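J.: Sequences listed follow chains Z and E, in order.
When you line the first sequence up against our numbering, it's residues -3 to 144, in that order.
When you line the second sequence up against our numbering, it's residues 136 to 277, in that order.
Rather than coming from a laboratory, the hints here were simulated on the basis of the structure.
Predicted model only: the values in this text are computed from it and were never measured.
A portion of the hints provided could be inaccurate.
[Claimed, not checked] The calculated DMTMM-like cross-link candidates involving lysine to aspartate or glutamate, where the alpha carbons are at most 25 Å apart (straight line), are:
{"hint": "1", "chain 1": "E", "residue 1": "K194", "chain 2": "E", "residue 2": "D249"}
{"hint": "2", "chain 1": "Z", "residue 1": "K136", "chain 2": "E", "residue 2": "E229"}
{"hint": "3", "chain 1": "E", "residue 1": "K248", "chain 2": "Z", "residue 2": "D73"}
{"hint": "4", "chain 1": "E", "residue 1": "K248", "chain 2": "Z", "residue 2": "E68"}
{"hint": "5", "chain 1": "E", "residue 1": "K274", "chain 2": "E", "residue 2": "D150"}
{"hint": "6", "chain 1": "E", "residue 1": "K180", "chain 2": "Z", "residue 2": "D73"}
{"hint": "7", "chain 1": "E", "residue 1": "K180", "chain 2": "Z", "residue 2": "E69"}
{"hint": "8", "chain 1": "E", "residue 1": "K248", "chain 2": "E", "residue 2": "D198"}
[To be verified] Covered stretches of chain E, as calculated for chain Z (at least 3 residues, CB under 8 Å):
{"hint": "9", "stretch": "140 to 152"}
{"hint": "10", "stretch": "207 to 216"}
{"hint": "11", "stretch": "269 to 275"}
[Said to hold, decoys possible] Here are the in silico distance ranges between beta carbons for each label pair:
{"hint": "12", "chain 1": "Z", "residue 1": "D20", "chain 2": "E", "residue 2": "E183", "range": "34 to 42 Å"}
{"hint": "13", "chain 1": "Z", "residue 1": "E68", "chain 2": "E", "residue 2": "D198", "range": "31 to 39 Å"}
{"hint": "14", "chain 1": "Z", "residue 1": "T66", "chain 2": "E", "residue 2": "K272", "range": "29 to 37 Å"}
{"hint": "15", "chain 1": "Z", "residue 1": "A47", "chain 2": "E", "residue 2": "K194", "range": "22 to 30 Å"}
{"hint": "16", "chain 1": "E", "residue 1": "K194", "chain 2": "Z", "residue 2": "R19", "range": "22 to 30 Å"}
{"hint": "17", "chain 1": "E", "residue 1": "R155", "chain 2": "Z", "residue 2": "A17", "range": "30 to 38 Å"}
{"hint": "18", "chain 1": "Z", "residue 1": "A17", "chain 2": "E", "residue 2": "R147", "range": "38 to 46 Å"}
{"hint": "19", "chain 1": "Z", "residue 1": "A88", "chain 2": "E", "residue 2": "V239", "range": "44 to 52 Å"}
{"hint": "20", "chain 1": "E", "residue 1": "R155", "chain 2": "Z", "residue 2": "R114", "range": "41 to 49 Å"}
{"hint": "21", "chain 1": "E", "residue 1": "R238", "chain 2": "Z", "residue 2": "Q138", "range": "20 to 28 Å"}
{"hint": "22", "chain 1": "E", "residue 1": "R155", "chain 2": "Z", "residue 2": "A39", "range": "44 to 52 Å"}
For each residue, glycine too, the CB sits at the ideal point set by N, CA and C.
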Amino acid sequence: MDTMTRQEIIALFDRRADAFARRDVRALAGMYAATGVVESPMAGGAVTGPAAIAQLYEALFKTFPDATLTTEELVIDGDRVAQVATLAGTDAGGFLGLPATGKPFRVPVLILITATDRQIVSERRIYDFTGLLIQIGVLKAQPAVARP
Amino acid sequence: MTRDQIVALFARRQDAIARRDVDLIAAQHAPDCEHESALAGGTVKGREAIGRLYERWFKGFPDFVLTSEELLIDGERVIQVTTQSGTDTGGFMELPPTGKPFRVQVVWLFTLKDNQFTHVRPIFDFTGTLIQIGVLKAKPAV
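Using the sequences and the accompanying hints, generate a full structural model.
T.: Structure follows, in C-alpha cells:
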C-alpha cells in the first residue's frame, strides 16, 4: 500500500474539484479504487465500485445541473482526509424521479475520505440531508408537537 | 499542542460528557470560543452560552450518548467523528417530551489553541434528528 503525501492528497482534491466543475463523471469515478465505497444519504446507503459511483455523480448532475461543491478546507491526517465544503444547487432536473421543483439548496457538508495508492478507497458524506429535501421542496416539514 | 495532548483533551471531554459535567465541558473552551449550533439557530459565543447548549441536550435526552469513532488531527484543526443517540424523555427545545429515540452521525470540527477549543462546528442531519424524535413531522411535498 502506497501512502500519499500531503501534496499528493491536495493535488487529488484539486483534480476532483476540476472534474466536478467540468461534470466529468468518468474522471470523477476514475479517482476511486476498484473496490472504492461511497456512503451517501443521497444514495440511501453505500455503493461500491467506480461504475456505481459514476451513477451517483450522474444522478447528482442530472438533478442539480448547477451543482457546486465549494471546499473550505482539507483536514489531513495520514491517509484520512476530511473535506469541509458547501454543496449547493437548484432542483432543475427532478429528484429521484419526482418533478423538478426549481428550488435551490445550500448545505454545509463534511466528506470523510480514505486515500491510498493515489485513489479514494472510502468516502462518507455527512450533511443535513433532510434539510436539503425541505429546501428543494421535496419534503414539507411542520411541528409535530404543540408548544405548551 | 502535541497529538498526545489533543487525544487526552478529547478523552477528558468524553468523560465529562458521560458524567454530564457541563462546567468541565465549558471550561475546555476558550472564553471567547465560538460554537456554531443548529439548535441555537446560529453561533453562540463564550463558555456560559456553550454550557447552556450542552445542558439543553442533556435535559432533553437524559440517556444521551456520544460515541467517538475517530479523531483526525491536522495541526490546530481536529475532526471528531461521532455517533450520538438518546431518547427525548426530558423535552427538547422547550417542547413536551415525545419519548422517541434518535441516532445520528455527527462530525465535529474543532480549532484548538493552548489546550482549549477556540471554534466548534458540528455538521449533521439536524432536521432528520428532529423528525426522528417526533418534534418535526415531514411528508412528501410533491
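J.: So, for every hint listed, does it hold in this structure?
T.: Hint check results:
| no. | hint | in the structure |
| --- | --- | --- |
| 1 | E/K194 <-> E/D249 | violated, 30 Å |
| 2 | Z/K136 <-> E/E229 | holds, 22 Å |
| 3 | E/K248 <-> Z/D73 | holds, 18 Å |
| 4 | E/K248 <-> Z/E68 | holds, 20 Å |
| 5 | E/K274 <-> E/D150 | violated, 39 Å |
| 6 | E/K180 <-> Z/D73 | violated, 28 Å |
| 7 | E/K180 <-> Z/E69 | holds, 22 Å |
| 8 | E/K248 <-> E/D198 | violated, 31 Å |
| 9 | 140 to 152 | violated (count 0) |
| 10 | 207 to 216 | holds (count 7) |
| 11 | 269 to 275 | holds (count 7) |
| 12 | Z/D20 <-> E/E183: 34 to 42 Å | violated, 50 Å |
| 13 | Z/E68 <-> E/D198: 31 to 39 Å | holds, 34 Å |
| 14 | Z/T66 <-> E/K272: 29 to 37 Å | holds, 32 Å |
| 15 | Z/A47 <-> E/K194: 22 to 30 Å | violated, 48 Å |
| 16 | E/K194 <-> Z/R19: 22 to 30 Å | violated, 47 Å |
| 17 | E/R155 <-> Z/A17: 30 to 38 Å | violated, 47 Å |
| 18 | Z/A17 <-> E/R147: 38 to 46 Å | holds, 43 Å |
| 19 | Z/A88 <-> E/V239: 44 to 52 Å | violated, 30 Å |
| 20 | E/R155 <-> Z/R114: 41 to 49 Å | holds, 46 Å |
| 21 | E/R238 <-> Z/Q138: 20 to 28 Å | holds, 23 Å |
| 22 | E/R155 <-> Z/A39: 44 to 52 Å | violated, 37 Å |
The earlier numbered hints that this structure contradicts are 1, 5, 6, 8, 9, 12, 15, 16, 17, 19 and 22.
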